[in-house]
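Colleague: This is what each chain is made of:
Protein chains: 2
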Amino acid sequence: MIPGGFSTEEFSARVARAQTQMNDAGLGALLLTTESDVRYFTGYLTRFWESPSRPWFLVVPAQGKPVAVIPSIGAALMRRTWIDDVRTWAAPEPEDDGVSLLADTLREIGGPVGVPSGYETLLRMPLADFERVKTQSGAEFMGDSGIVAALRAVKSKAEIAQIAESCSIAGRAFSRVAEIAYEGAPLSRVFRDFQRLLLEEGADWVPYLAGGAGQDGYEDVISPASDTPLVPGDVLMLDTGAVRNGYFCDYDRNYAVGRASAATSSAHARLIEATQAGLDAARPGARACDVWRAMANVAGSGEETGRLGHGLGMQLTEGLSITAQDQSVLEAGMVITLEPGTDVILGRMMVHEENIVISDGAAQALSPLAEKEIPII
Amino acid sequence: MIPGGFSTEEFSARVARAQTQMNDAGLGALLLTTESDVRYFTGYLTRFWESPSRPWFLVVPAQGKPVAVIPSIGAALMRRTWIDDVRTWAAPEPEDDGVSLLADTLREIGGPVGVPSGYETLLRMPLADFERVKTQSGAEFMGDSGIVAALRAVKSKAEIAQIAESCSIAGRAFSRVAEIAYEGAPLSRVFRDFQRLLLEEGADWVPYLAGGAGQDGYEDVISPASDTPLVPGDVLMLDTGAVRNGYFCDYDRNYAVGRASAATSSAHARLIEATQAGLDAARPGARACDVWRAMANVAGSGEETGRLGHGLGMQLTEGLSITAQDQSVLEAGMVITLEPGTDVILGRMMVHEENIVISDGAAQALSPLAEKEIPII
Chain A
1027 MIPGGFSTEE
1037 FSARVARAQT
1047 QMNDAGLGAL
1057 LLTTESDVRY
1067 FTGYLTRFWE
1077 SPSRPWFLVV
1087 PAQGKPVAVI
1097 PSIGAALMRR
1107 TWIDDVRTWA
1117 APEPEDDGVS
1127 LLADTLREIG
1137 GPVGVPSGYE
1147 TLLRMPLADF
1157 ERVKTQSGAE
1167 FMGDSGIVAA
1177 LRAVKSKAEI
1187 AQIAESCSIA
1197 GRAFSRVAEI
1207 AYEGAPLSRV
1217 FRDFQRLLLE
1227 EGADWVPYLA
1237 GGAGQDGYED
1247 VISPASDTPL
1257 VPGDVLMLDT
1267 GAVRNGYFCD
1277 YDRNYAVGRA
1287 SAATSSAHAR
1297 LIEATQAGLD
1307 AARPGARACD
1317 VWRAMANVAG
1327 SGEETGRLGH
1337 GLGMQLTEGL
1347 SITAQDQSVL
1357 EAGMVITLEP
1367 GTDVILGRMM
1377 VHEENIVISD
1387 GAAQALSPLA
1397 EKEIPII
Chain B
1027 MIPGGFSTEE
1037 FSARVARAQT
1047 QMNDAGLGAL
1057 LLTTESDVRY
1067 FTGYLTRFWE
1077 SPSRPWFLVV
1087 PAQGKPVAVI
1097 PSIGAALMRR
1107 TWIDDVRTWA
1117 APEPEDDGVS
1127 LLADTLREIG
1137 GPVGVPSGYE
1147 TLLRMPLADF
1157 ERVKTQSGAE
1167 FMGDSGIVAA
1177 LRAVKSKAEI
1187 AQIAESCSIA
1197 GRAFSRVAEI
1207 AYEGAPLSRV
1217 FRDFQRLLLE
1227 EGADWVPYLA
1237 GGAGQDGYED
1247 VISPASDTPL
1257 VPGDVLMLDT
1267 GAVRNGYFCD
1277 YDRNYAVGRA
1287 SAATSSAHAR
1297 LIEATQAGLD
1307 AARPGARACD
1317 VWRAMANVAG
1327 SGEETGRLGH
1337 GLGMQLTEGL
1347 SITAQDQSVL
1357 EAGMVITLEP
1367 GTDVILGRMM
1377 VHEENIVISD
1387 GAAQALSPLA
1397 EKEIPII
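First to last, the sequence lines map onto chains A and B.
Read in the working numbering, the first sequence has 1298 at position 272, and its numbers run on one by one without any break.
Read in the working numbering, the second sequence has 1230 at position 204, and its numbers run on one by one without any break.
Everything labelled a hint here was simulated from the structure, so no lab data went into it.
Be aware that a few hints might be false.
For chains that are exact copies, the list does not tell them apart, and a pair is met inside one copy or across any two.
Computed list of lysine to any residue pairs in SDA-like fashion (alpha-carbon distance at most 25 Å, straight line) [as the list claims (entries may be wrong)]:
#1 K1160 with L1148
#2 K1160 with R1150
#3 K1091 with D1110
#4 K1160 with Y1145
#5 K1160 with A1211
#6 K1183 with A1211
#7 K1091 with S1249
#8 K1160 with T1059
#9 K1091 with I1248
#10 K1091 with D1111
#11 K1183 with P1250
#12 K1160 with T1114
#13 K1183 with G1328
#14 K1183 with G1373
#15 K1183 with S1252
Take these sequences, add in the hints, and give me the full structure.
Modeller: Next up, the structure:
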């Protein structure tokens, strides 16, 4: 019943691991409010989270199964997961939008209540309601000691298989880019058409698409696409977060339109070499900063360079950052991106990205590694 | 430079309106952290928000232009909006992820600092960092008195034009559903193909797609699509939030596969009548609950029924709810959905949805209103 072939045992094992750490941290409960945290412990998968109107809560007790405290519109779907205790209210009820029901549940289960509060987290409920829950429950609240993020960082076999499937889907779409991108095609249409290819190849949806195009590289990688047509000598980059069964891939490909200059060809080759250096360095026991340095040395990145990769899973980005500062130690089962960048000419850059899983021994590529030579379209 | 044809004057007018209300509420600054709130005052449009790694901040002072406090990766794009004062840090820096820079900015601008904290809001930054900002800035923090939500609820002409464009795109895609949905087509493929049609018709992206299919209706409207093929007598519903230039449409269409039973035909006609009753009731001065009652009376909905519509704009759902309880008063310029539902047979329902803008006199449809007769595909 849970999309992606996740077993009930997988979820109970996740909860058991959390409970061991909650015990060490002296927590009576975890309060989770985000799509990915709730799904991690339940398997509850729906695009309905796109609506910000309704809060959703999952309470993981120190013993026993999690309790869902959710809008009644989600009850039928939540009951098809492995969760038995599903408590609902008729959201939206702005006067008491789950506050009393959640406070009662927390009082019953008992605190202290750990709430993910550190790097990369957010509380997906109104602040004013959170204050009410704190008061009404009478429980003590604190951070979750990073328990949820640490658990989620190391993927199970089933999770790795899902990410690999998303990567395969994107790989098939990338291999078809020449169908949609050529001299004269407006970049905005290329963006639309590439999302279409991803759907045709099996993506459930395409939450993220970025990219850029320009002579010998692009100026930035986060702007919306303009309607400017591609011209010979342009470098086109497409970077996608496509989702299958709730798991992301996140990698990119560069293409030269018509012809590649020497600067473009050499930059592309350098990026592929840098990626390979990152792959070689990404072994259990290495730190994120070690992987950063391996890639930065080849790509010629200075300390001021932003991150060259990050964790990946139910979110487009999650967990560690491949930066000069990040001391996180790699473990088998972590899925990360390698994303070196380099300047091609003044004001024009190129970035390249692949997805890998840390394994005992050498890391395994999940995305089909690109060739050194930039493809010409 | 700002996608969607929004002028600098539009943004300065939004800020001026906010500042008038901030003055009444005794606020020295607003602190905004979400994509739609930041975009409302800046025009800053990027899909990069899909990555939860980096917080983004906008400070609206009681006088003068807003100040952006953002990751350096977004600086170039933010400087292409009308914002001049763009302060950056090299995020992600988990040790001080914008905290000091934001605290300094707030101390300089002065409080009290209003933070959206009520219904439907969230704070998009780690709770622990928020506590640090409160301490380091020395400012007083409070809610924003609903100022931002109230401003955003009433759309400008340019915003209404954008939503109308998204509605047109979806309308063209809905008119092509027979190309992709027919006896034997698995629902999961129909979901993918419909997103493809939306992209072909001009959507920039498709953040939301829901729906369902079954004999004489569906069981719920939030589950992921199964691989079950459509069979004659099924009712197929597709409900989309497609986005163009950052503005959503949110409406659905029902189709009968091969043939429609009497119960299905009559339920569809009832939903169209209910929608029309809602449209007639949705005039300036009417309350959301009045519109609810007008539709509920026709659709046969009881008080326990969930909401039958909601506000719409930069979010799939925002602002008022069409419920029996919501006393919000409609104003010209509000864009809302009308979304009645009805039971067809035991355990099977149908829902219908259209998008309208409240106007002086009768409301105007933004989506192409469906016919009473359910289309057969």
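Colleague: Work down the list of hints and note, for each, if the structure agrees.
Modeller: Going down the list of hints, with the structure as the test:
1. Taking identical chains as interchangeable, the C-alpha atoms of K1160 and L1148 lie at most 25 Å apart whether they share a chain (17 Å) or sit on different chains (16 Å).
2. Proximity of K1160 and R1150 under a CA criterion of 25 Å is satisfied in both settings, with 15 Å inside one chain copy and 19 Å between copies.
3. When the C-alpha separation of K1091 and D1110 is checked against a cutoff of 25 Å, the pair qualifies only within one copy, where the shortest distance is 8 Å, while the shortest distance between copies is 51 Å.
4. Taking the shortest alpha-carbon separations for K1160 and Y1145, both the intra-copy value of 22 Å and the inter-copy value of 17 Å come in at or below 25 Å.
5. Within a single copy, K1160 and A1211 get their C-alpha atoms no closer than 55 Å, and across copies no closer than 49 Å, so neither meets the 25 Å cut-off.
6. For the identical chains of this complex, K1183 and A1211 are neighbours neither inside a copy (41 Å) nor across copies (31 Å), given an alpha-carbon limit of 25 Å.
7. Taking CA atoms no more than 25 Å apart as the test, K1091 paired with S1249 passes between copies only; the shortest distance there is 23 Å, against 44 Å inside one copy.
8. In this assembly of identical chains, K1160 and T1059 lie within 25 Å of each other by CA distance both inside one copy and across copies; the values are 15 Å within and 23 Å between.
9. Taking the shortest Cα distances, K1091 and I1248 sit within 25 Å of each other only across copies (24 Å), while inside one copy they are farther apart (41 Å).
10. For the identical chains of this complex, K1091 and D1111 are intra-copy neighbours only, at 8 Å inside a copy versus 50 Å across copies, given an alpha-carbon limit of 25 Å.
11. In this assembly of identical chains, the alpha carbons of K1183 and P1250 lie at most 25 Å apart only when taken from different copies (23 Å versus 35 Å within one copy).
12. In this assembly of identical chains, the alpha carbons of K1160 and T1114 lie at most 25 Å apart only when taken from the same copy (19 Å versus 34 Å across copies).
13. Neither within a single protomer nor between protomers do K1183 and G1328 lie at most 25 Å apart by alpha-carbon distance, with minima of 36 Å and 47 Å respectively.
14. Proximity of K1183 to G1373 under the C-alpha cut-off of 25 Å is found in neither arrangement, the shortest distances being 42 Å within a copy and 37 Å between copies.
15. Taking the closest pair of Cα atoms, K1183 and S1252 come within 25 Å of each other only across two copies (23 Å); inside a single copy the shortest separation is 40 Å, beyond that limit.
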